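Listed below, chain by chain, are the residues.
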Amino acid sequence: MTLIGVWVVELGLFVLVVAALLAERPIALGATVAAIGIVAVVARSSARVWRWVTTSFLTHRTGALAGAAVLALVLPFFLRASPYWTFIATMALMYVTIGQGLNFQMGTAGVINLAGAAFAGLGGYTVGLLTVRLGFPPWLGLLIGPLIAVAVGALLFIPILKVRGHYLALVTIAFGFIFNILMNNLEFTGGPQGIKNIPTLRLFGYAFTTPPQLLGMTLPSHANFYYAALVMAALVTWLAWRLYNSWVGLTLNTLRDDEIAAKCSGVSVARYKLLAFSIGNFFIGLGGAFYAVMVGFVSPPDFDFGYSLVMVSVIILGGLDSIPGIILGACLLIPLPERFRFLHEYRLLLYGAAIVLMLLFRPRGLWPATVRRYGLREPAASFGAAGGLR
Amino acid sequence: MLEVRGVSTRYGQISMLRNVSVTLREGEIACLLGPNGAGKTTLIRTILGIVHPVEGSVVFRGERIDSLKTNQIVKRGIGVVPEGRRIFPKMTAEENLRMGAFAEWGTSEVAGRLEQIFDRFPRLRERRRQIAATMSGGEQAMLAIGRALMGRPKLLLLDEPSLGLSPLLVEQIFEMIQAINRQGTTVFLVEQNARKTLALAHHGYLLQKGEIVGAGTAAELGESDIVRHAYLRA
Numbered sequence: 000m001t002l003i004g005v006w007v008v009e010l011g012l013f014v015l016v017v018a019a020l021l022a023e024r025p026i027a028l029g030a031t032v033a034a035i036g037i038v039a040v041v042a043r044s045s046a047r048v049w050r051w052v053t054t055s056f057l058t059h060r061t062g063a064l065a066g067a068a069v070l071a072l073v074l075p076f077f078l079r080a081s082p083y084w085t086f087i088a089t090m091a092l093m094y095v096t097i098g099q100g101l102n103f104q105m106g107t108a109g110v111i112n113l114a115g116a117a118f119a120g121l122g123g124y125t126v127g128l129l130t131v132r133l134g135f136p137p138w139l140g141l142l143i144g145p146l147i148a149v150a151v152g153a154l155l156f157i158p159i160l161k162v163r164g165h166y167l168a169l170v171t172i173a174f175g176f177i178f179n180i181l182m183n184n185l186e187f188t189g190g191p192q193g194i195k196n197i198p199t200l201r202l203f204g205y206a207f208t209t210p211p212q213l214l215g216m217t218l219p220s221h222a223n224f225y226y227a228a229l230v231m232a233a234l235v236t237w238l239a240w241r242l243y244n245s246w247v248g249l250t251l252n253t254l255r256d257d258e259i260a261a262k263c264s265g266v267s268v269a270r271y272k273l274l275a276f277s278i279g280n281f282f283i284g285l286g287g288a289f290y291a292v293m294v295g296f297v298s299p300p301d302f303d304f305g306y307s308l309v310m311v312s313v314i315i316l317g318g319l320d321s322i323p324g325i326i327l328g329a330c331l332l333i334p335l336p337e338r339f340r341f342l343h344e345y346r347l348l349l350y351g352a353a354i355v356l357m358l359l360f361r362p363r364g365l366w367p368a369t370v371r372r373y374g375l376r377e378p379a380a381s382f383g384a385a386g387g388l389r
Numbered sequence: 000m001l002e003v004r005g006v007s008t009r010y011g012q013i014s015m016l017r018n019v020s021v022t023l024r025e026g027e028i029a030c031l032l033g034p035n036g037a038g039k040t041t042l043i044r045t046i047l048g049i050v051h052p053v054e055g056s057v058v059f060r061g062e063r064i065d066s067l068k069t070n071q072i073v074k075r076g077i078g079v080v081p082e083g084r085r086i087f088p089k090m091t092a093e094e095n096l097r098m099g100a101f102a103e104w105g106t107s108e109v110a111g112r113l114e115q116i117f118d119r120f121p122r123l124r125e126r127r128r129q130i131a132a133t134m135s136g137g138e139q140a141m142l143a144i145g146r147a148l149m150g151r152p153k154l155l156l157l158d159e160p161s162l163g164l165s166p167l168l169v170e171q172i173f174e175m176i177q178a179i180n181r182q183g184t185t186v187f188l189v190e191q192n193a194r195k196t197l198a199l200a201h202h203g204y205l206l207q208k209g210e211i212v213g214a215g216t217a218a219e220l221g222e223s224d225i226v227r228h229a230y231l232r233a
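Sequences listed follow chains A and B, in order. Position one of the first sequence corresponds to residue 0 (numbering that gives the first Met the number 0), numbered consecutively onward. Position one of the second sequence corresponds to residue 0 (numbering that gives the first Met the number 0), numbered consecutively onward.
Bear in mind the hints are in silico, worked out from the structure with no lab data behind them. You may find that some hints are simply not true.
The calculated DSSO-like cross-link candidates involving lysine-lysine, where the alpha carbons are at most 27 Å apart (straight line), are [claimed, not checked]:
#1 B:K195 to A:K161
#2 A:K161 to B:K153
#3 B:K89 to B:K68
#4 B:K153 to B:K74
#5 B:K68 to A:K161
#6 B:K89 to B:K74
#7 B:K153 to B:K195
#8 B:K68 to B:K195
#9 B:K195 to B:K208
Predicted model, so just to flag it, every value in this text is computed and none were measured.
Chain B extracted, bound-state conformation:
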C-alpha cells in the first residue's frame, strides 16, 4: 500500500534519515519504534510531504507522492494524527472534526461521518460545541483520531497518539486503533511504548539515528536482542 524506498532527508546540513525503506501492506498494523531523535517524526513528515526527501521515493498505491504537496497527499487517502496531536485549539470539537473531511466539504457524506465518529467517541458528542483547547488530554487525543478518520483514510498515520496519557487511556487508545484496523484501515503507528505496540502490530521497524536497524514481524522484533535490550529491558 505504501512503500518508502531508500529515502534520505536532511534539515539543512543535518542528515535526518539515511536510506530508510519501509513497506506497509494493506490491512495491517505496522509500527515504528525508536528512541527520541531517531527520526520517527521525520519519516512521518516525509510521507506527508511536509519534508521532501533528497534521495529515494515514496509510493502510495502505485503512485509516486514524494514531490506532491501535503494537501494533495492527504487527499489521496492518508489520514494523520500528528505528533503532539495538533488539534485546532481555538475551534470547537465539531469544527475540528469537520476540518478532517475538508476535501469533501459540503457533501451529504460529512454529516453521516460525523455521526459515526460521535458513535465511536460519545465523549466528543457531549463536547461538540466546546473549544478544543479546553478539553482534557484524553478528549484531545480522541479528537485528533476522530479528525483523521473524518477523511475516511485508507492509511492512518499515528505519531505517538498515547503521549502524555494515563495508562488507562493508553489502553483505550490502543483498543481503538485495533478496532479501526479491523474495519479495514491500514495503520502505521509510531510509538515509544514497545511492549504494547508490538502486542498490537503485525509488522514493525526499528529506527535508530536515522537508519532502520531492525525489521520483521512483531514477534520477531520482540525476540530480537536489540529490541529486548533497548526497549523491553528483558
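Next comes chain A alone, as it looks inside the complex:
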C-alpha cells in the first residue's frame, strides 16, 4: 500500500468515527455501527490482510502520523454543530495525558496506583486555590498543579516503597479516599461546594471562552480547549515515548519484571520507583489541572474513586506498557459510554460485556506493547528454529 492508501484508510476510519459520533437517529447510528463492525471483521478476517495493513502503516510511519495529526486538527470542524461532542473529544485527550502518566507507573514500572483521580485532583485543586484564592493567572496554575501532585506523591512514596502488589493497591486506594474526605471537609477547599469561578485560560489576551473563528467558520468555544488538549496530549505522549524507548524505560521495566534481579544488576529500586511515580504523577496532575481550567470548577465528586477506575480501565483496555495503546484506550473508553447514554443503566451491562470480551480475546489490551525497536527493522527472531542446544 502506498502512502496515499494509508491516508485513504485513515480518512475512512475518521469518517466512520465522526458519523458514529454525530448520528442521532437509530437507523443512522445502527448503520454506522454495522459499518464499523464490517470493517473490523474484514480487517481481522485473515492474517494476511491485517499484516498488509499494519506493515503499510509501519513503512509509512511518518506519513501516517502526519495524516492522523491533520485529521485530529480538523475534527472540531466536523463536530462544530455539537459543543457537547467537542467537549467529549477534549476529555478523551485529557485522558490520553492522564493515561500516559498512569501507564508510566503501572505499565512500565509496575507501581500500582489506584489513586489516579486523587493526583488529578491535586492538580485541579491547586489550580483552583491558586487562581481563585490567590489571584494567580491560570497558566501558572497549570504549571504548579502537576508539581504539587508530584510533591504529595513523593511523600506518599515513603509508605509505598515498602509494599507491593495487593498491599500497594490498598495503600493507594486509601490515599484516594483520604484525599476525597479532606477536600469534602476542609474549609479552604470549599468543602462539598468545591471551588467555583476558576478564571479561564488566556493566551496573549485571547480568552478561551470566546468561540473561535477559523477558516470562515465559527466553532464552539470548547474547540479552544480541544486544541490546547491536543497540544498537551501530543507533548506528553511524545515525552513518554522518548522516555519509554530510552534506558529509563528499560530500567523501569526491570522493576516490573523482577525487583531482586534489578537490584542485582545495580539498579537502585527506590530511586527508579520514585522517578516513575513522579513522572506519572506529573502527567496525571497536569490532566487534572487542565480539567479545572477547562470546566472552571472543581469539587470532591469530580475526583472520586470511580474516576481512578476509569483511568485504570483506559490503560488496561489500551494495553499496559503500550504508549499507542493508551491513546486508543482513552479515545474509545471516554466517548463510548457517552455515545450509548440513551441506554441508561444498561450501559453498565455493556461495560461488563466489553471487559469479559477483552479478557477472552485481547488479554494484553487492544494494542499490546511490542518489543522496542532500537531504530532497527530486523525481523523478529524466528521461534521455529529452536531445537535444543547443539
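Chain A is already provided as a structure; the job is to place chain B on it using the hints.
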C-alpha cells in the same frame, strides 16, 4: 578477595546462618555445598546485601560491604546468577544482557561486551530479539550467566546455575564456568551436584542447618566422611 567473617543472619525470629565464615581467594573457584534449606541462598543474599547480617562482617577487596545496598555492592565488581536465574521475563535477550552492564550504560564499552557475550554464547545472538520468557531453560541459563558477565565482575556468584537442566547442558554450564574462571574471574559456586562441583572447584565449604560443617580443598572435602556419606553415596 571476599571474606565473610562470623556472619549470622535471621529472617524475623528464625535464625538462618550462624557464625558463618568463608574466604574466597582471587582467581579461584570456590564452592558451597549443602542440602536444601541449609542457608546457601541466604549466604549469597547476605553477600549481596539483600539480607543484612545481624552479626559479623563481609569484606570485599579490603572494604566492608555488609551495610551497603545491593546496587552499590554489585557496582564494586560482584556479578550474580541468582537462584532460579531471575531473568527479566518480558524483556528481550539483548535487553536482559544490556541490563547487566547497567552501571556503564551508554558507554562505548557496552557494545563490545555484548559482542563478546554473543561470541561466547552464539545461541543468544540468534535469540537477541526474543522475549526471554519464551526461551528454553538452557538458553535462559546462558542468558543469566551472560547478564552477570556483562558487568565485567571480578567475583561471580552462581546460585545453582545447573538447576533443572539436562545432564548434557549441565556439562556445558560447568565447562563455561571453568572457562570464565581461567580468564581471571573469581567464582563462588553454590551447588547440590557435589561430584561435578568438587571436580571443578579448588576450595569448598559445606553448609548444614546454617553452619559451616566442613571446609578445605576440593580433594579434602571429597575425601571427608561427611561429604562422602551425604552427597557422594560412596
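For each hint, the structure was consulted:
no., hint, in the structure
1, B:K195 to A:K161, "violated (41 Å)"
2, A:K161 to B:K153, "violated (32 Å)"
3, B:K89 to B:K68, "holds (26 Å)"
4, B:K153 to B:K74, "holds (10 Å)"
5, B:K68 to A:K161, "holds (15 Å)"
6, B:K89 to B:K74, "holds (24 Å)"
7, B:K153 to B:K195, "holds (23 Å)"
8, B:K68 to B:K195, "violated (33 Å)"
9, B:K195 to B:K208, "holds (23 Å)"
The earlier numbered hints that this structure contradicts are 1, 2 and 8.
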